[in-house]
Amino acid sequence: MTTIPASPRNSRALSVLRQIATGFMTLALTLLGLLVITFVISRVVPIDPVLSIVGERATPAQIEAVRQSLGLDQPLWRQFLIYVGDALQGDLGRSIRSGEEVVSEINRYFPATLELATLGTLFGTLVGVPAGVLAATRPGSIADQIVRLVGLMGYSMPVFWLGLIGLLVFYGKLNWVGGPGRLDPTYDMMLQFTLTTYTGAILIDSALNGAWDVFRNAISHIILPAGLLGYVSMAYISRMTRSFMMNELGQEYITTARVKGMPEWRVIWVHAMRNVMVPLITVIALSYAYLLEGSVLTETIFAWPGLGLYITNGLFAADMPAVLGGTVVVGVAFVTLNMLSDILYRLVDPRART
Amino acid sequence: MTLLDVQNLRVTFDTETGPVQAVRGVSFSLGRERLGIVGESGSGKTMTGRAVLRLIRPPGRIEADRMVFDGQDLMKASDREMRALRGQRIGMVMQDPKYSLNPVMSVGQQLTEGLRLRDRIGRAAAHAKAVAALEAVQIRDPERVMAAYPHELSGGMGQRVMIAMMLIPEPDLLIADEPTSALDVTVQAEVLSILDGLVRDRGMGLIFISHDLRLVSRFCDRVLVMYKGRIVEEVQAGNLLAARHPYTQGLLNCLPRIGGPRAPLPGLDRSGAWAQDNGGTR
Ligand SMILES: Nc1ncnc2c1ncn2[C@@H]1O[C@H](COP(=O)(O)OP(=O)(O)OP(=O)(O)O)[C@@H](O)[C@H]1O
Ligand SMILES: [Mg+2]
Chain A
458 MTTIPASPRN SRALSVLRQI ATGFMTLALT LLGLLVITFV ISRVVPIDPV LSIVGERATP
518 AQIEAVRQSL GLDQPLWRQF LIYVGDALQG DLGRSIRSGE EVVSEINRYF PATLELATLG
578 TLFGTLVGVP AGVLAATRPG SIADQIVRLV GLMGYSMPVF WLGLIGLLVF YGKLNWVGGP
638 GRLDPTYDMM LQFTLTTYTG AILIDSALNG AWDVFRNAIS HIILPAGLLG YVSMAYISRM
698 TRSFMMNELG QEYITTARVK GMPEWRVIWV HAMRNVMVPL ITVIALSYAY LLEGSVLTET
758 IFAWPGLGLY ITNGLFAADM PAVLGGTVVV GVAFVTLNML SDILYRLVDP RART
Chain B
177 MTLLDVQNLR VTFDTETGPV QAVRGVSFSL GRERLGIVGE SGSGKTMTGR AVLRLIRPPG
237 RIEADRMVFD GQDLMKASDR EMRALRGQRI GMVMQDPKYS LNPVMSVGQQ LTEGLRLRDR
297 IGRAAAHAKA VAALEAVQIR DPERVMAAYP HELSGGMGQR VMIAMMLIPE PDLLIADEPT
357 SALDVTVQAE VLSILDGLVR DRGMGLIFIS HDLRLVSRFC DRVLVMYKGR IVEEVQAGNL
417 LAARHPYTQG LLNCLPRIGG PRAPLPGLDR SGAWAQDNGG TR
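Protein chains in written order, with our numbering: chain A, 458 to 811; chain B, 177 to 458.
Note that these hints are calculated values from the structure, not bench results.
This one's a predicted model, so the numbers in the text were calculated from it and none came from an experiment.
Please note that a few of the clues may not be correct.
Here's a subset of chain A near chain B, in silico, CB distances under 7 Å, partners left out [claimed, not checked]: (1) 709; (2) 710; (3) 713; (4) 715; (5) 716; (6) 717; (7) 731; (8) 806.
Far from chain A, some chain B residues (derived; all Cβ distances over 10 Å) [said to hold, decoys possible]: (9) 189; (10) 192; (11) 201; (12) 206; (13) 218; (14) 297; (15) 387; (16) 410; (17) 425.
Even for Gly, the Cβ is constructed at its ideal location relative to N, Cα and C.
Using the sequences plus the hints, can you model the full thing?
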């Protein structure tokens, strides 16, 4: 008569575990794929890594020595194995521009991007979800129109233009916020010489150090670029939330909740929202990933020393290890995010667990 | 004693192609008894039931000359007053449990939320009450069902969960929309006898919506026959099988008769004058 699994709770926990394991497999495979692609790219681009290190005036002997030290005299498959082996040990080669380890450079640049994208996504979610719900519960109202208009602007205005206007008005004219960069130069020195680095994210590190003046300064710098990215992400999230919420509010179980006399806040924020969460998790993860990899323009305008800027500068300098290393990190971040959203999705939707 | 009095109830949907009248002037009153509503699909049974709870969604509109529940004017009640009535005093077993239960909340959460939120009952006590309600509708492994999610339930199990959910607050009026259509005969009999007991012992009023004329004629006291949003006939249940209205007779003729001749079932003959009246809409 009924088909209920033997012990719902246990089998559910098991299946979530299994899915996490599958997630890690996917992560590993994707990483391998990324390494294959970046390896192939590095071999087909017409940039001679040896030449870019030794310069044009080197003697044949010097060139040969560098070739050997880079392992370029080995057969291609061995070069690939070495590349993968190094990458697994956290070695993505040395930047040609600076001669520094790519990994340690990324260690400095990536937290800046992560900080910006996280704050942007947080803002986009915290404003976008309520705005979308408000619009969905009063379709056609003034509130709905405003949400739609504000969202439309976020969709259609070029980010760099908004960023420049923002800098001009709030920094140049009003001086309400900090200018380009993550900190004022003085605070930057303080950060480098007196504070302990825990995460590389200035907001977190300065708070952990109790350096509240640095924290405040960092806030004044990040608020404009994070607000800008948050605005773009809010435009997307509010629009999707509105349409998901409209769809859920039309379902029969909503009437059931009302038949039971549930107050409207509970109908919307518990009964409908739990169902809206299922597709919304994917939307938020996507927009987060987009901010992580796609904030090059923002980083350029705000002189934000993030991964986007790092990769772009690497490209202009023909610094292949930097570009490829950055690409691998972006790829890993993307897959990790995907995996996390997959796990979350299964946690909120019981139908996906069986 | 009258529990619910409805005069000239109309439900209209304003669609792009003009107004569609789903219910067109339905009047009835109900005491502490079992009132059946039958009619073909789309005749307005569900909309009539929902209108009583004022739960027709826009673009639907509800109008009535009079709709009074236990001395309270439902047409004039505020949203807050309606919410206080819903669930607590008027319950409604929804037609299709597959869509009417929240897919991402466990059965237990859905059964106990009213108790926890409105009656402020503790978790354990609410759980115990919900388990008892499930047992009352003949669910044999209530603990397991409490932990299950709607997609893990069969249709019949879902219907019983829905019935249990609506009976927990002990309403004075229960609108049951096809509550037993997915149950097998023995469970159906049990569930009907529970409803019957509530009407007899607690004086609950019951509106029993069904396609099944035989069931209704056996189970209810009085039957309304609906067609295209109107009541075309109101009869004492015992007399239903001898109903005079051609539509009712048509519906009766559509039923297979056990032991009767195995001729093909006749279709519903809609050539009579009663079928021509469209009330000027559509
Ligand atoms: N949103 C809507 N817009 C327009 N018409 C609607 C809407 N919802 C319902 N209706 C109309 O209301 C009429 C009555 O529907 P209702 O659900 O009450 O029928 P029913 O008697 O319960 O049928 P069933 O036995 O299939 O459950 C239907 O003919 C339908 O066309
Ligand atoms: Mg119906």
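Hints, one by one, checked against the model:
The beta carbon of residue 709 of chain A comes within 4 Å of a beta carbon in chain B, closer than 7 Å, and the hint placing it at the interface holds. For residue 710 of chain A, the suggested interface contact is upheld, since its CB lies about 4 Å from the closest CB of chain B, less than 7 Å. Proximity of residue 713 of chain A to chain B holds as hinted, the smallest CB-CB distance being about 5 Å (cut-off 7 Å). Of the supplied interface hints, the one on residue 715 of chain A holds, with its beta-carbon coming within about 6 Å of a beta-carbon of chain B, less than 7 Å.
A least Cβ separation of about 5 Å between residue 716 of chain A and chain B falls short of the 7 Å threshold, and the interface hint therefore holds. A distance limit of 7 Å between C-beta atoms decides the matter here; for residue 717 of chain A the minimum to chain B is near 4 Å, and the interface restraint holds. About 5 Å separates the beta-carbon of residue 731 of chain A from the nearest beta-carbon of chain B, less than 7 Å, and the hint is met. Hint on residue 806 of chain A holds. Least Cβ distance to chain B is approximately 6 Å, under the 7 Å limit.
Non-interface call for residue 189 of chain B relative to chain A: holds, since the shortest CB-CB distance, roughly 14 Å, exceeds 10 Å. With a least beta-carbon separation of about 15 Å from chain A, residue 192 of chain B lies farther than 10 Å from that chain, consistent with its non-interface assignment. Here residue 201 of chain B stays apart from chain A, with its beta-carbon at least about 24 Å from theirs, past the 10 Å limit. Listed as outside the interface, residue 206 of chain B is consistent with that label: its C-beta sits roughly 18 Å from the nearest C-beta of chain A, beyond the 10 Å cut-off.
The claim that residue 218 of chain B is not at the interface with chain A holds, since no C-beta of that chain comes within 10 Å of its own (minimum 17 Å). For residue 297 of chain B, the shortest C-beta to C-beta distance to chain A comes to about 15 Å, beyond the 10 Å cut-off, and the non-interface label holds. With a closest Cβ-Cβ approach of about 18 Å to chain A, residue 387 of chain B is found to remain outside the 10 Å limit, as its non-interface label requires. No Cβ of chain A comes within 10 Å of the Cβ of residue 410 of chain B; the nearest lies about 26 Å off, and the non-interface call holds.
Distance check for residue 425 of chain B against chain A: the nearest CB is about 33 Å away, which clears 10 Å, and the non-interface claim stands.
When held up to the earlier numbered hints, the structure conflicts with none and fits them all.
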